[in-house]
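Undergrad: Chains as they are written, first to last, in our numbering: chain A, 1 to 254; chain B, 1 to 298.
Warning: the hint list may mix true and false statements.
Said to hold, decoys possible - Listed below are the simulated DSS-like cross-link pairs for lysine-lysine, each with C-alpha atoms no more than 30 Å apart in a straight line:
#, chain 1, residue 1, chain 2, residue 2
1, B, Lys127, A, Lys184
2, A, Lys251, A, Lys184
3, A, Lys251, B, Lys78
4, B, Lys208, B, Lys78
5, A, Lys251, B, Lys21
6, B, Lys21, B, Lys78
7, B, Lys208, A, Lys251
8, B, Lys219, B, Lys168
9, B, Lys62, B, Lys93
10, B, Lys78, B, Lys62
11, B, Lys62, B, Lys21
12, B, Lys21, B, Lys168
13, B, Lys168, B, Lys78
14, B, Lys133, B, Lys93
15, A, Lys251, B, Lys62
Please keep in mind that the hints were generated in silico from the structure rather than gathered at the bench.
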Amino acid sequence: MFSYSLFRKELREHRWLLLIGTLVLTALGIFSAWSFDMLAMYGDMLQGFMPQLAEQFEQLLADYNFYIWSQLHPKNLLQFGIVLALILASTDLAGEVNRGSIQYLTGLPISRRTILITKSAAGMLSLSIIVWVSTLVTLVTAELLESGILWGKMLAATALLNIGLMAVYSFTLIFSALGNDAVKTGALAAAVLLIWSAAGLHPTTQFLSPFWHMKGINWFMGTGPFPWLSLVGLIIFALASLYIADGIFSKREF
Amino acid sequence: MDFAIETQGLSKVFNGRHVLKGIDLQVPPGSIFGFIGPNGAGKTTTIRLLLGLLQPSSGQAKVLGLNSQSESIQLRSKVGYVAEENHFYPWMKVEELVRFNAGFYPRWDQERARKLLEMFDLQPGVKVRELSKGMRAQLGLTLALAHRPQMLILDEPTSGLDPVWRRKFLQILTQETADDETTVFFSSHILSDVERVADWLGILINGKLRAMRSMEDFKYNERVVRVVFQHPAPESLLATDGIKSIQRQGSGYLLTITENFDEIYRTLERTPHFVLEAVEQDLEGVFLDYAGEEENDV
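Work out the full structure, taking the sequences as your base and the hints as a guide.
TA: Written out as structure tokens, the structure reads:
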């Protein structure tokens, strides 16, 4: 059910995405931590001529942990992470069809399920490395610049987001198992996710959006309990997506 | 007899088009079986069905006694497969691809892989994208042979190669499979290659297996006889089983015989005639006969 040879090859193929993704997100994270004092200064300056914006700054900067989380998770990790998940998943299967190597790969003595599981494991590991390395570097920087980071809460929020990104990756795999072109597959999955994300714009429908569940905003702001239901829901969504992708990929003829 | 490959009524329909029309193949173990047919005849589809990479619309296939559908993974671990287009990972070096492949075969023989790379003069440090088509075909054969398969299945392995590469490829193929009696099943439309190495032959035309027999049998029985009778040709003689086609040329006849050659020839000898001569056909002649017959059927 798992091929180490294929796993190593997948990680090797992901290496540039892994490196660039980690570097970009780490740089953005460090900048976010470093920008806290700078924004506080600008907030004071804005008081005189843009009081509304100054008030928003004040709210944002009132809690250092909330500021770091808001910059790191809903902005950097969520947005970049989704793009990375889309790229990884769409190239995993449709990319192999695209370049013709799927015939070579499926001609080897391994099952389609083994291919899917191994590729998913490598894709999810790559995503997790990017998420965790950039988060940990950001948190260590934030702690050094301004102590008082709530490590437990930050790490739990990261785990929730990481699982959400895995769900996005798994969902995109369904399209990848159907497609012949990695770019078109990624674009189609992105379009579907974008439409889906509209549900998160209104309070009455936001529970329908996977992105809302990934953020766990109510819990982080202290207005609700830890979103266990969201966590379980995202895991079920990821597993169901993998199951569907497996069904499609196993039956497909190349 | 347990055949190395045995299919029963193997058919494949793609989008309503009957690509393969119920073929019954029997490949003897240890043979080099040439599977010939024009482009689009269904050769690649047959091979992919044999390897369990496609699902048959009807019928079944057994390779090395294993069901090509339910035991396809076990089957592929015992078979070396070289596809027509070798789409390996272009970013890998030759040695990386060999290592990658080794991870899938328990019987991988690294020493044999190294020896084959040397024989083909393939540099381990060269990237796959830098290899010519001929070199990629040779790399494909190296990967297929290095796990000591019981059978080799090659899909148009020499297609697109120049005569020098083709000769070298076929030479190493026969040399490397002769020692351990590996069965070789290879498709081709290059008849001279098949004639050079195959000892069994199957002719696939328009999705139908038109003939299957040993090369020796083909060469002996598949002959054209030119005969000029002294009297009008006896109808019963021309209707004898084994005469595949009759062409009239003035007062003479060209009879294409596919079976019972000796018997038919003796009968012709006994019938009063002016001219009687048998012309041995080469593979191209045999193939064109079948292809022409198929066109007439259509």
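Undergrad: For which of the previously enumerated hints does the structure constitute a violation, in increasing order of number?
TA: 9, 12
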